[in-house]
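Chains as they are written, first to last, in this note's numbering: chain Z, 1 to 255; chain Y, 1 to 163.
In case anyone wonders, no lab produced these hints; they're calculated from the structure. Any given hint could be a false lead.
As the list claims (entries may be wrong) - Restricting the straight-line Cα-Cα distance to at most 25 Å, the calculated cross-link-like pairs of lysine-lysine (BS3-like) are:
#	chain 1	residue 1	chain 2	residue 2
1	Y	Lys-78	Y	Lys-8
2	Y	Lys-78	Z	Lys-70
3	Z	Lys-70	Y	Lys-80
4	Y	Lys-8	Y	Lys-80
5	Y	Lys-66	Y	Lys-8
6	Y	Lys-75	Y	Lys-3
As the list claims (entries may be wrong) - Which chain Z residues stay away from chain Y? Per the calculated CB distances, all over 12 Å, these:
#	residue
7	Leu-65
8	Asn-99
9	Ala-168
10	Asp-188
11	Ala-214
The beta carbon of each residue, even a glycine, is placed where N, CA and C say it ideally should be.
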Amino acid sequence: MNTITKQQALYKYSLRLGDNALIHSYRLSEWCSNAPILEEDLALTNFALDMIGRAQAILGYAGQLGDMEKTADDLAYRRGEREYYNNLIIEMPNGDFANTIARLLFVSVYEFYFFSELQNSSDPTLAAIAAKTLKEVKYHMAHARDWVLRLGDGTDESRSRMQAAVSALWMYTGELFETDEAAAILQDANIAVDMPPLKEKWNAIVRQILADAAIAIPADEYMQTGSSKGVHTEHLGHILSEMQYLQRTYPEAIW
Amino acid sequence: MVKPKYTKEEIISLLSVIPDPEIPVVNIYEMGMLHDVLIDESGYEIVLTPTYTGCPAMGIIEQDIKLTLAKQGIKPVKVKLVYDPAWTTDWMTEAAKEKLSRYGIAPPLHSSCTSDVFAHNVIPCPRCHSEDTVIISRFGATACKSLYQCNDCKEPFEYFKCH
Ligand SMILES: [Zn+2]
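Using the sequences plus the hints, can you model the full thing?
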C-alpha cells in the first residue's frame, strides 16, 4: 500500500534531481576565482552554469505539478533543509581540488548513465530535460576523468591527495543508487530509472578509471544514507543559510 | 476572432535578423534556436530551443524577439522555451558554420563526436586549416566553446563544441 500518490512521487523525484543540480552548482561556484589555474576556474564555473540551468528547468517543472503554481525560485529559496532531497555527496564541502574532482567523477559518471536512461522516461518533460542534460554531462565526465588520471599519475603529493579524496567520499556513493517509495511508484509507470543495472555500469567505469589512475579502490563498507528522508549532514544548513538569506530577510524581493 | 495578419514565413524572416548575443555574426534562425512559430486567433507563439540549459543568452533573445515584433505592431506575442526536441549543433546551417569559421571560431563537428565520451577529436584551425592543433582549455568564455591553439600558424582560436 503506497503512502503517497503518483503525483506526490513525481514531485519528490523531481525535487531530488533539481536539488542535486542546484546544490552541486552552488559548490562548484565556490571555486569561482579560487581554482588552481584559470582554465579550471572556467571549467568548474561552466559546469555550475549547466547545473543551475538544469535546476531551473527541473524545479520549474516540479513547481507546476498539480495546482501548486510554484516557481523554481520558490522551491529553491523557500524550502527548509528537511525538505531538500539532494544526495549527501553533493552537499559535502569542496575540500581541496582533488576532493572536488573525485566528487565530480562519481557524480558525473552516475549522471551520465542516469540521464541516458531517463531520456526514455514516459514523462515527456523529464525525458526532454534528460536528453539535453546528457549532452552537458558528457563534458563534465570527460573532464573529471582527465584530472583523476593526471593527479593519480602525477607527483606523490597529487596522488596522495587524489587517493585521500576517493577514500573519503566513497562512503557517500552508495546513496546515489538507493530507491525510495517515490522512485518505486514511478518505476511502475516507466517514469523513473531502474537503479540496480545503473550501479553495475557505474562501478565498471569508475573502477576502471581509478585503476588507470593507480588509485586504490576502497572497500564497499558502511555507506552513508539519509537524504531521501530529508536527513542531511550539517553542511546543507550552512549552504541554505547563505543561499536563502536574501529571500528570508526580504521576502518577495525582486530586482 | 481576428485573422492573423502575418504568415509564419514572414515572422521567421523578421526574426532572422536577431543576432546570437554571444556570437553576433550569426542569427538565431541559422543557429537553429528559433524552432517554430505557431499562429492562431489568439496571437503569435515563438518557440525557442535553448542551446544550453544554463545559457544566459536566452533571456536576451526573448527580449529581442518581443521588441522586434512590437516594432512592427505585431501582437500579442508569447515566447516559449521547449527542451523537446533537444537542440543540437547539427541544426546549424552550413551558412552559419561558414560565418563562424570566418569569424575565427572553428565550427562544431557532427554531434556524434561525443559518442565516445573520452575521445579527443581533431579540430582544424579556422584560419589556416591545419589539423595540427592542441586543446588549451576545454571550456572557454561561454558555455558553448573550447579554447585551442594552432601549431602551424600559432594563433589561438575558439571551437564551438559539438552538442
Ligand atoms: Zn592555423
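Hint check results:
{"no.": "1", "hint": "Y:Lys-78 with Y:Lys-8", "verdict": "14 Å, holds"}
{"no.": "2", "hint": "Y:Lys-78 with Z:Lys-70", "verdict": "20 Å, holds"}
{"no.": "3", "hint": "Z:Lys-70 with Y:Lys-80", "verdict": "18 Å, holds"}
{"no.": "4", "hint": "Y:Lys-8 with Y:Lys-80", "verdict": "16 Å, holds"}
{"no.": "5", "hint": "Y:Lys-66 with Y:Lys-8", "verdict": "16 Å, holds"}
{"no.": "6", "hint": "Y:Lys-75 with Y:Lys-3", "verdict": "12 Å, holds"}
{"no.": "7", "hint": "Leu-65", "verdict": "16 Å, holds"}
{"no.": "8", "hint": "Asn-99", "verdict": "20 Å, holds"}
{"no.": "9", "hint": "Ala-168", "verdict": "25 Å, holds"}
{"no.": "10", "hint": "Asp-188", "verdict": "23 Å, holds"}
{"no.": "11", "hint": "Ala-214", "verdict": "18 Å, holds"}
The structure is consistent with each of the numbered hints, conforming to all of them.
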